[in-house]
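Engineer: Put together the whole structure using the sequences plus the hints.
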Amino acid sequence: MSEAAGIYEAFRDAIRAEEPVALATIIDGPDAGAKLLLQPDAPTMGTLGDADLDRVVERDALGMLDAGISEVRHYGQHGEARQMDLSVFVECHARRPHMVIFGAVDFTRALASQAKLLGYRVTVCDAREVFATKRRFPMADEVVVDWPNRLLDRIGDELGPRDAVCVLTHDHKFDVPAIVGALPTRVGYLGAMGSRTTHEKRTERLREAGVSDEELERVMAPIGLDIGGRTPEETAVSIVAEIIAAHTGRQAPRLKDGEGRIH
Amino acid sequence: MDEILDDIDRWRAVGQRVAVARVVDIEGSGPRDPGAAMAVNEEGEVAGSVSGGCVEGAVVGEALELLGGRRGPGITTFGYSDDEAFAVGLTCGGTIHLFVEELDW
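For the record, the sequence lines run as chains A and B.
Under my numbering, the first residue of the first sequence is numbered 1, with each subsequent residue one higher.
Under my numbering, the first residue of the second sequence is numbered 1, with each subsequent residue one higher.
Keep in mind that a hint or two might mislead.
[Claimed, not checked] FRET-style restraints, in silico, Cβ to Cβ: (1) 44(B) - 130(A): 37 to 47 angstroms; (2) 119(A) - 6(B): 34 to 44 angstroms; (3) 65(B) - 263(A): 37 to 47 angstroms; (4) 74(B) - 119(A): 25 to 35 angstroms; (5) 16(B) - 6(A): 27 to 37 angstroms; (6) 78(A) - 6(B): 35 to 45 angstroms; (7) 15(B) - 233(A): 45 to 55 angstroms; (8) 45(B) - 258(A): 48 to 58 angstroms; (9) 55(A) - 65(B): 34 to 44 angstroms; (10) 72(B) - 258(A): 51 to 61 angstroms; (11) 263(A) - 14(B): 52 to 62 angstroms; (12) 128(A) - 46(B): 47 to 57 angstroms; (13) 59(A) - 45(B): 58 to 68 angstroms.
[Said to hold, decoys possible] Going by beta-carbon spacing under 10 angstroms, a handful of chain A positions derived as facing chain B: (14) 11; (15) 55; (16) 56; (17) 91; (18) 228.
[Unchecked claim] Which stretches of chain A does chain B cover? Using the computed rule of at least three CB atoms under 8 angstroms from a CB of chain B, they are: (19) 42-51; (20) 195-205.
No lab work stands behind these hints, which were simulated from the structure alone.
Cβ coordinates follow ideal geometry from the N, Cα and C atoms, glycine included.
Structural biologist: Below you can see the structure in the form of structure tokens.
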């Protein structure tokens with residue numbers, strides 16, 4: 001066994017427990033095979049053979065883990081950027097992305113199923129307890145009866161660039177607190193359903209609630225890509241497609257950027 | 001890596017040495033993303049995959065070379081580049097770079 005003994009067990013256990021973990025391995029360089037295991041808020045295990053290199057790779061790997069990216073990075077012997085002495089592969093196992101859907105409506109059912117297909121942990125939230133039931137949304141990981149702002153007060157800090165908040169309520173009473181609550185979080189995607197007219201009215205209310213133009217730009221509304229979707233299932237596809245395009249940075253025809261009827 | 005953990009545990013529990021090949025980079029189209037992994041034990045038993053079945057056979061060969069001490073840990077490339085056609089290719093025309101090593105960590 002090398003000095004890296006025990007790393008596999010820690011790596012394996014984290015993957016099985018769905019805890020975020022990154023494994024950095026030198027794949028090209030004099031010390032090929034050397035490893036550094038990283039978990040947020042835990043001490044690192046192993047070494048890539050140089051304390052400075054370890055520090056730089058730790059910083060980069062935690063960023064990659066946050067974004068859910070596994071790739072090769074190049075460094076100098078002591079972690080210098082823009083040098084090619086060493087190639088380090090960082091394998092990231094991020095926690096599952098989280099989609100929070102506000103509004104327990106028909107579209108929610110289709111979107112929750114579509115999100116599960118893509119590997120999301122799905123939370124459905126609505127303040128109306130007759131609608132927000134596990135029976136209506138068996139595919140959701142959790143169904144929460146509460147006001148959107150109160151749920152976001154509790155979980156907002158956990159949301160990151162890979163996560164999504166989708167506001168499907170169509171009702172300013174719920175939409176406005178959901179959007180206002182989601183804006184201060186780091187959530188990567190924030191979309192709100194409704195026609196252009198609905199969104200115009202909603203925008204007025206959001207401005208009254210103190211939301212700036214810059215913050216409004218972050219809200220994908222009308223939600224989804226412009227693929228002419230109409231049914232809940234088709235709309236769900238257009239929403240997750242917009243989320244994928246947002247992550248990959250591809251240009252896709254967003255309803256937000258267009259004009260005219262959305263279907 | 002997720003899908004090969006059970007097999008690795010089983011092999012290691014009976015004292016088998018294990019080689020692991022992981023996709024670290026792809027150029028052009030490739031069927032599996034970086035992180036896709038395959039494990040091979042000393043007897044040539046296989047878990048996981050690194051492509052759509054195009055290069056797995058060759059990877060077993062590399063893994064057994066490694067476990068037999070005839071090669072060290074390092075990068076193995078499959079696919080086509082401008083100046084050289086490798087013996088084993090991907091039908092999709094892409095190139096994949098694998099890191100092959102013994103699981104002794």
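Engineer: Now tell me, hint by hint, if it's right for this structure.
Structural biologist: Results of checking the hints against the structure:
1. 44(B) - 130(A): 37 to 47 angstroms: violated (60 angstroms)
2. 119(A) - 6(B): 34 to 44 angstroms: The hinted range 34 to 44 angstroms is violated for residue 119(A) and residue 6(B), with Cβ atoms some 20 angstroms apart.
3. 65(B) - 263(A): 37 to 47 angstroms: This hint is violated: roughly 58 angstroms between Cβ atoms.
4. 74(B) - 119(A): 25 to 35 angstroms: With Cβ atoms ~32 angstroms apart, the hint holds.
5. 16(B) - 6(A): 27 to 37 angstroms: violated (18 angstroms)
6. 78(A) - 6(B): 35 to 45 angstroms: holds (39 angstroms)
7. 15(B) - 233(A): 45 to 55 angstroms: Check passed, 52 angstroms falls within 45 to 55 angstroms.
8. 45(B) - 258(A): 48 to 58 angstroms: Cβ of residue 45(B) to Cβ of residue 258(A): about 55 angstroms, so the range 48 to 58 angstroms holds.
9. 55(A) - 65(B): 34 to 44 angstroms: holds (35 angstroms)
10. 72(B) - 258(A): 51 to 61 angstroms: Hint holds: Cβ distance 56 angstroms, inside 51 to 61 angstroms.
11. 263(A) - 14(B): 52 to 62 angstroms: With Cβ atoms ~60 angstroms apart, the hint holds.
12. 128(A) - 46(B): 47 to 57 angstroms: Roughly 53 angstroms apart at Cβ, these two residues keep to the hinted range, so it holds.
13. 59(A) - 45(B): 58 to 68 angstroms: violated (39 angstroms)
14. 11: Holds, because the Cβ-Cβ distance from residue 11(A) to chain B comes to roughly 8 angstroms (cut-off 10 angstroms).
15. 55: Result: violated, 21 angstroms to nearest chain B Cβ.
16. 56: violated (19 angstroms)
17. 91: holds (5 angstroms)
18. 228: Check failed: Cβ of residue 228(A) comes no nearer than 29 angstroms to chain B, outside 10 angstroms.
19. 42-51: violated (count 1)
20. 195-205: violated (count 0)
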